[in-house]
Amino acid sequence: MEAKFVAKSVEDLDEISKQLLLAIESQKKIVFFGEMGVGKTTLIKAICKQLNVLDEVVSPTFSVVNEYHNENGEVLYHFDFYRIKSKEEIFDLGYEDYFYTDAFCFVEWPEKTFGLLQANVAVYIETEQKKRIIKVIYDD
1 MEAKFVAKSV EDLDEISKQL LLAIESQKKI VFFGEMGVGK TTLIKAICKQ
51 LNVLDEVVSP TFSVVNEYHN ENGEVLYHFD FYRIKSKEEI FDLGYEDYFY
101 TDAFCFVEWP EKTFGLLQAN VAVYIETEQK KRIIKVIYDD
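Each residue of the sequence shown is one higher than the last, beginning at 1 in our numbering.
Since the hints were made in silico from the structure, they are not lab data. Predicted, not measured: the structure shown is a model, and the values here were computed from it. Treat the hints with caution; some may be incorrect.
To be verified - Simulated pairs of lysine-lysine, DSS-like, Cα-Cα distance not exceeding 27 Å:
(1) 135 to 4
(2) 49 to 4
(3) 4 to 18
(4) 130 to 8
(5) 18 to 130
(6) 87 to 112
(7) 45 to 85
(8) 87 to 28
(9) 49 to 18
(10) 135 to 8
(11) 131 to 45
(12) 131 to 18
(13) 131 to 4
(14) 28 to 45
(15) 135 to 49
Could you put together the complete structure from these sequences and hints?
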């Protein structure tokens, strides 16, 4: 299945993230593709807001993974693989401990994971004349 959204401003992301979560239903492994600065982390922040995350959502560029908690006590994971250089780094991170759970996993720069990660949902973000085009491809 596929869904497409257009964000003319950051304020549009609240509604887009709500619609995105409705579209993907219970699928929780989500990868985000897009150039540096296109708004991957900003969209993840909006999704986390919809999921009632209590923690501050920030890019895990240096820590590689951030753990968040929502008001229901659920754990969510946010990855940024931009600085990953080898498959061994991903194994050392213990990615299986995160990905083989029922938790939401949001992954920035999944193309740097050497094909190790399987996701149900792929989000592609592009800029077009000061707008963000957000395309979501997901399993039915």
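_Earlier hints that do not hold, by number_ = none
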